[in-house]
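Novice: Sequences are here, hints too, so could you generate the full structure?
Residue numbers (this note's numbering), protein chains in the order written: chain A, 1 to 777; chain B, 778 to 1061.
Treat the hints with care, since some could be wrong.
Said to hold, decoys possible - Below, simulated DSS-like cross-link-like pairs (lysine-lysine); rule was C-alpha separation at most 27 Å, straight line:
1) A:Lys-62 with B:Lys-779
2) B:Lys-1038 with A:Lys-646
3) A:Lys-315 with A:Lys-395
4) B:Lys-1027 with A:Lys-646
Worth flagging that the hints you see were computed from the coordinates, not collected in a lab.
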Amino acid sequence: MRNLYVGQPIDRVEDPKILCGSLQYIGDLVSAQGDDCLHAAFLRSSEASAKILRIDTTTAAKRPGVHVVLTGREVSAFIKPVREQRAGLQPDFQAALNIECPPISVDCMAIDRVRYVGEPIAVVVAESRYIAEDALRDIEVEYDVTSPVVDADEALSVGAPLVHETTPQNAAIRVAFERNGEPLPHDLTGCIVVESTYRMARQTACPIECRGLMAGPREDGGMDIWNATQGPQIVRRVLCAVTDWPIESVRVMSPDIGGAFGQKANVYGEELVIPLLAKRIGRKIAWIEDRYENLVSATQGRDQIHRVRLTTDRKGRILKWEDDFIVDLGVYNFSRIGVVTNTAVHLLGAYRVPNVRITGVGVYTNKAPSSQFRGAGRPEATFALERSLDAAARKIGMSIWAIRELNILKESDLPYAQGIPYRDGSPIVYDGKNYLKVLNEAKKLIPADEIAKITEGTRNPNLRIGVGVATCMEATGRGPEPETARVTLQATGRLMIKTGVGVSGQSHRTVFAQVAADAARIPIDKITVTTGDSDGVPASLASIASRSAVLVGSAVLLGVEALVEQITNKLREAFGTESVEHIDGGFVLDRQRTMSWEDVGKLVDESNIGRDFAEAVGKFVPNAPTWIMGAHVALVQVDVETGVTKVLCYGVAHEGSHSLNPRVADGQVRGGVAQGIGSALLEAFKYDEVGQPTTANLADYHIPSSLDIPSVRIAHLEVKSELNPLGVRGIGESGPIGSAAAIASAIDDALVDLGVVVDRAPAGFGYILDSIIGAHA
Amino acid sequence: MKLPAFEWLPVKTVAECVEALSANEGVELKIIAGGQSLLPLMALGMASPALLVDVNGVEGLNEVVERDDHIEIGALVRHNQLLARADRMADFNILSTAARHIGHVGIRNRGTLGGSVSHADPASELPAMMLLLQATMVCESKAGGVRSIPSDDFFLGPYTTAMDEPEMLTKLLIPRPVRTKFGFSELAARHGDFAAAGAAVAISYSQGDRIEGIRAVTFATNPKPTVVSADAALPLGEKAVSVSWTELAKSLSSSISDGRKRELAKVMLSRAFRQAVSGVENAY
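Specialist: See below:
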């Protein structure tokens, strides 16, 4: 494959529309329907845990402009509960990690009982959203409030109320593994042992665009659905499972999406009830989520407690690493196996760790559901391990860099087998090259002379400067679910590439066109890439898990290669020659006759050779995930009188692959770091003791603004992956994974003379002030 | 988060407005100007007035008029006007310093001084500024005509002022400060957020550079913006260089009951004093 486009920082085809405000988000599609589309609104529970004694919808149903009002119980006559989408745990993986995970099913709307504030309990369909919301106010609900479970530790205690009767002790999933690679010294005297508890708060993705969909019944009895989802085929599969509709009768298309971050890879009751109602009423119906709904009912993430012990020898060499962690999953988490096991396996970090003992438990509580929020357990695991390394270094009196240099996997260690399988059943093998080099590159991103200059330039004694570091690992591009791409040569000579996942800013239409143009050896403007259509490709999952470049990109490559081969064969057959060669811009027959793609395209329409040859499907599923490693470095300024931390400089050194488009790759890292800075300093979704959310608006839930984010310096160390035909590694989640740990490390450094040790994220100003006072007490 | 149904009544003059307020006595009504506090409250279902009297079209209330000994600011003057006029109102620069901390550009483009002062959020900057600058609030109603309320008597508690229900705030009169230096400091989780604590100070000097008066206000520290210098021992007659401003900040903040707020108010006061004395704004 030539590399004319791949690797080039070409302009994104998405940009003109983004900059001119002419992308078509779900809300734009709905607006364009005018009065043809009805609007739904959901009545949501005001209680965290209660029995519903009575719901009276009679007044609401009579309001002018209201078409239908249904309670959860009424809806349940037509729709089954959502059963988990997992195709069964991979047996080797389940055995190695001792996974216990009782299945649950989740009703599309609450039936007789509510389990979190924000749970949908009734739905109104009306001429407009205004009328629908007015009708919601007409509905009377009588609750019998019961004790909620709001604390993860208490959820596990004997006698705690059960969030789901079928899950004893609220233990949604348990994992445990131990690996004893080399015996510990008999006498631990002189060894360094650090123990602590680290917490990362409940956080939410906060996409600028909230959720939304529009469902329209077709004349043939089928259903067209436009849904701001990362996984159109997942939505289709679940919808057909709960309605018994035939798969081929439902088409799910994802329009342009304004941010997703895993929140839109979950399948929600609202996404199932709206198509059902559209079918029953026989009209298009839209539901466009508002910010309150998004904050209280769209899936959240993080919310972990790690109780850890790290043992090193007196020089700082890691001997044993132990962690017992708890994940507060909220009311449900369909990705709980992923989130909890991701946490467990990423706790192994980028180091040589001879002995490991890890247990993890995910618990149900009466809070909003959770899912795989960007990073999905990795930022939390990184925080626990990296904080512990800093603690050990402090106790020994060595630098935070030195302890990492001592333990990190070096060129001679890699590739490195961890001796346990990943979720797809493949053995975990870090397929990297030199993590020490990455660490050293990170150090150069904020050089010592710059640190000295900033420190000396800070004359106000209340402002302290500190520098911190954290390394992190990520498994990207996993199987076993495949991605496919349908490549079609059109009569005009254009290549049409259909892909299946929904995109929310990852520039798929640009980067996959780069891949296809190089594989087909044609100019990139002869290629059109479409995304997110369930009917476009035979098999697709979602734009999740840093997998799209690896899986979709490889499927596109394989699809174009297959098409080229089909065309070559067809030309041989049609022109009776063995000599057909694929060249720049087309094909050459018998070393003399040149046929452009346009010429070949004409054959599709004009000749009688059949058109099957003009379409090919590429399919790719990797044998194992391909790993990336990063080292994050942060320079912060902490105001000791107010506790406010400002990130002044930030750098990410990164061992990934070559970039399909360097600007797109850098954008993924920068956006991820912005999210990570929010995680580190600002974001905490809070509930009070009776399970009422107290941060259900953006004045109380603080996401960072441009004023909080410095420019991010990036160093790429490129190592080709051998695990996919494109040779690429994922990058989508690398930004947020190391940020909270690096920033906490920098705050410790800034406040070293005050004895402050950050043990949680976010480290808001109140917490820092408390820590300063606490350290003095 | 759609607004509940309400009647909307636009008015063009102050007379029309006070007439409407009087005619609808007993109706749950609100005057709407910039709407930057009221509309979110309505969208969240925390306020549902039956009638909104819209004063955005009232002529003559969106101007700043400079007089010899004071300025008159119309109740409809937007926060951004306070920023934009900074160069022409050098004596009142503290207003633009404070206004910079209000929300973001979109909010400052719409939010009004009269709206902010009437809303009387204890964490708001501008009510505290009115208190610091000893403004006079000019209110009007059909029955009571025009009356003036000094800022010291105006703010009664969270979201509560001395205005009567059918009254509207029309303008704010601010005396021109003489030989006075100001300082302002605010702590918020992010720039533009509701303040966690804030302070503003005014130090006036005699011809001989001796301190003649000190007025200090804190906000987001008590149920209403509060003058903390009223009954305090102040270093009057001293020169600024010989005053321990940190100590003064500590003593002025000592009456604040919440411990964390007290600590933060001390820091904010101390920074505001340093700013007033040095003329240099601190990083925070």
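Novice: Compare the structure with each hint and give your call.
Specialist: Hint check:
1. Between Lys-62 (chain A) and Lys-779 (chain B) the alpha-carbon distance is near 20 Å, which keeps this suggested pair within the 27 Å criterion.
2. For the given pair, Lys-1038 (chain B) sits about 21 Å from Lys-646 (chain A) by alpha-carbon distance, which is consistent with the 27 Å threshold.
3. For the given pair, Lys-315 (chain A) sits about 11 Å from Lys-395 (chain A) by alpha-carbon distance, which is consistent with the 27 Å threshold.
4. The hinted pair formed by Lys-1027 (chain B) and Lys-646 (chain A) meets the criterion: a straight-line CA distance of about 26 Å does not exceed 27 Å.
The structure fails none of the hints (numbered hints given earlier).
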